[in-house]
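Asker: Take a look at the letters that make up each chain.
Number of protein chains: 2
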Amino acid sequence: MKKMDLKPMLKPASVAIIGASRDPDKVGHVILQNYLNGGYPGRIYAVNKSATEILGVKSYVSVLDIKDTLDLAVICVPAAFVPDVLDECGRAKVKTAVVVSGGFAEIGAQELQDRLVAIANKYNMPTLGPNCLGVMDPRSRVDTLFLPTYKLSRPSVGGVSFVCQSGAVGSTVLDLISGEGFGLSKFISYGNAAHVDEVDILNYLMDDPETKVIIMYIEGIKRGKEFIEVAKKITKTKPVIVLKAGRTSAGQAAAHSHTAALAGNYESHEAVFRQFGFTIADDLSDLLNYAKTLESEPMPKGGRVAIITNGGGTGVLTADAIGLSGLLQLADLSEKSKTDLKKVMPPLVNLRMPLDIVGDADEKRYGDALDILSKDDGIDMFIVIMLFQTPGADSRSAAKLISFKERMDKPMIVLSIGSEYTRMHRIMMESAGLPVYDSPSAAVRSLTELFKYSNYRNRPTPKT
Amino acid sequence: MKKMDLKPMLKPASVAIIGASRDPDKVGHVILQNYLNGGYPGRIYAVNKSATEILGVKSYVSVLDIKDTLDLAVICVPAAFVPDVLDECGRAKVKTAVVVSGGFAEIGAQELQDRLVAIANKYNMPTLGPNCLGVMDPRSRVDTLFLPTYKLSRPSVGGVSFVCQSGAVGSTVLDLISGEGFGLSKFISYGNAAHVDEVDILNYLMDDPETKVIIMYIEGIKRGKEFIEVAKKITKTKPVIVLKAGRTSAGQAAAHSHTAALAGNYESHEAVFRQFGFTIADDLSDLLNYAKTLESEPMPKGGRVAIITNGGGTGVLTADAIGLSGLLQLADLSEKSKTDLKKVMPPLVNLRMPLDIVGDADEKRYGDALDILSKDDGIDMFIVIMLFQTPGADSRSAAKLISFKERMDKPMIVLSIGSEYTRMHRIMMESAGLPVYDSPSAAVRSLTELFKYSNYRNRPTPKT
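Protein sequence lines, in the order shown, are assigned to chains U and G.
Residue 276 in this note's numbering sits at position 174 of the first sequence; the count goes up by one each step and never skips.
Residue 403 in this note's numbering sits at position 301 of the second sequence; the count goes up by one each step and never skips.
Don't read these hints as lab results, they were simulated from the structure.
Please note that the accuracy of each hint is not assured.
Which copy is meant is left open, so a pair is good if it fits within one copy or across any two.
No more than 27 Å apart at the CA atoms, straight line, and that leaves these computed lysine-lysine pairs for DSSO-like [unchecked claim]:
no.	residue 1	residue 2
1	K113	K128
2	K151	K335
3	K324	K466
4	K109	K466
5	K340	K314
6	K160	K195
7	K128	K502
8	K466	K128
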């Protein structure tokens, strides 16, 4: 399988924005503005038929006039002009292109799209799109998104790469990631997948050391055989979490009219995904929920989960979620743990799972409980419930969990439900690499997927 | 069935806080402080064996010394003193009591709890708890919660009443409600349900005109037959949304150690709940998600859902969620709608469902689409997807949806996914009575439950 080199697209030393505009309402204006505001350290060129300067950047009539090696051309001219502009890029030896413009196969203009592909192939120039948001990398500060930062906050630097066929889904999930404590490695929105497709992207991310986890939104897969080939390799080293649209006939028809994707039968897709170690997301929130635990947590040795809680009812709901998972089970306390707990816990505390250390638990009681349970061989994973509405839970208790996290060699996640005061502590803990969830089922499902993935990693490679 | 009069507990003209304290770390201090800060308009008394004044409020040695009619006594003295204190309340003709203190049946002290019940019965004094957070009513400003407002924001005034056995679940969900655009009617946390139980509470809320929707978290039901009796009556006029803990054996054991509840077999509970028109929640977030649509939306005439979207992929995911609901279906556009849409929509717009009015849709395009589709008899409900990351969506587009909402006689909800800029608009729309969701499945499941409830309301009353 020939690999496309996407490095100049994601780590460009120089960028030309073709269709840059002085009109603040135009896509070509917002993209240029975002490059300038985002602190992109490379060389920026504007290309526009009629302007000589835009936002303080010198503007050229054609990309052919730029006397520099160009790593990336971002194209946002109307669809009808794209083939000519792309051909000029090829002649100018531009290394990669992102075609933001829509108006191709997704509205039936297949012939126009075929011309685009022919040009990309002729010059051997990896071309993303058309009909896409393009790429973002918070490390290189490439950012081809035409959405202003006040509408779509940009995520911080991290290890999660997000591959997304749909621009709308891409922008909303990116916006959600910006509100989380974990960060982004790469965002790649590939739209109609006319030239660069999911296989090329996965091939690149497989070897990208900055990418620890991949999350994907897919409407259709073009090259099934190659997709399975790369999937099989990649899940041996990195988790891949997939949300596949078109699970129902209604969704499939909608997907076809959206990105001209042939969605195919979902059950067969799902079976293949599972066979090759993909993690299946059922909703957008799953993508984020699973990503943070799969990125930060070690592989568990088994499925026995300890619950430590300062809220009885929330412990009950979490025990229920474990029972409903069908895969995990509630851990039992060893006799030694019980003896040790009895010495330090107040008499109100029942020495059983879930371990309810009751509503006035402070950082010392959390520390004592974790100290004892972290030595209990009957426990494989931890869910620590810390409800910040209670009198004893505050930044100091959160800091205690962070310090335990640093020396804990078993998966440990936190469940904290609430509004502003809770959100503040959630960001605090997540920034320190401790995944925090806001519902019992989200927490338990995330550990379930971690356990499934670890089981997959421990199995011999399946045959195609 | 004899009804307990809970009005003096929820609309008290006078309150005594027994166990009020000068120590800021004590429960009896926080409760008094919250009354003073919350602007409670009634008469407040402190009771404490050793102080003469607390936080500027005159303090009495015993409730018997207060020369006033007392509607409510809030009791937060240690468990062992509760029976004597409660008996004094009875002798002082206090109308109702809330026992916040824990240390009763939930830790095996059944005899102490039995004494409490005997006293409450002797004086015919509705007594809530023990081991509970008590009550809150944003209209009367009664607030017995011992949690400071910086940790647990208080919700605004509204029509949702929340009945909750667990204090921890109660406080987290209340905190979540405070971040939503809809408001609270009553919060009743009843703990061990020793005297006042879920049947008494439902009986009161059934006739409460301020309560439009009831949400419940239950660990166990004591009086099954009476519960069904009241449930059958109440769901004929008001939706009741129930989250039942103890769905698995792990959860049942945990529930027993938490509130001494005998959780019983979940499947049989669920069957009864459904038979009598309850709405079943599977997670805490469902309680809020279902409540806002059931509170504000009219009953749908059928299950055909129109989707209007400015994001293609999000439309596909929502169409999938409808397909997966097993109950709703994607509406078809009538020929007249197609003809009318063709006149006003840009050529890029495919005239099919989901109606993708594409990424640059502004308030005019949303208005045109809603104008036409609101006259289409083939549509029973609307999901309007407005992604605020896109160039055309802003406060003006949100205002357009609000103005449509005001004259729309069919259910209409909004799906908006994102971070800060989106959250701002979500609050804006929800404050105007337009439910907003942050995931396709949450939106679709909420309409599904609305449809189920309307089907129940249209059926003849089931027999017990």
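Asker: All hints, please: hold or fail.
Answerer: Evaluated hints:
1. For the homomeric pair K113 and K128, the shortest alpha-carbon distance inside one copy (25 Å) is at most 27 Å, but the shortest distance between copies (58 Å) is not.
2. For the identical chains of this complex, K151 and K335 are neighbours neither inside a copy (46 Å) nor across copies (73 Å), given an alpha-carbon limit of 27 Å.
3. For the identical chains of this complex, K324 and K466 are neighbours neither inside a copy (55 Å) nor across copies (37 Å), given an alpha-carbon limit of 27 Å.
4. Taking the closest pair of Cα atoms, K109 and K466 never come within 27 Å of each other, the shortest separation being 49 Å inside a single copy and 42 Å across copies.
5. With identical chains, the CA atoms of K340 and K314 are at most 27 Å apart within one copy only, with a shortest distance of 6 Å there and 49 Å across copies.
6. Proximity of K160 and K195 under a CA criterion of 27 Å is satisfied intra-copy only: 20 Å inside one chain copy versus 86 Å between copies.
7. With identical chains, the CA atoms of K128 and K502 are at most 27 Å apart between copies only, with a shortest distance of 24 Å across copies and 49 Å within one.
8. Taking identical chains as interchangeable, the C-alpha atoms of K466 and K128 lie at most 27 Å apart only when they sit on different chains, with a minimum of 19 Å there against 57 Å within one chain.
Hint compliance for this structure: hints 2, 3, 4 are broken, all remaining hints hold.
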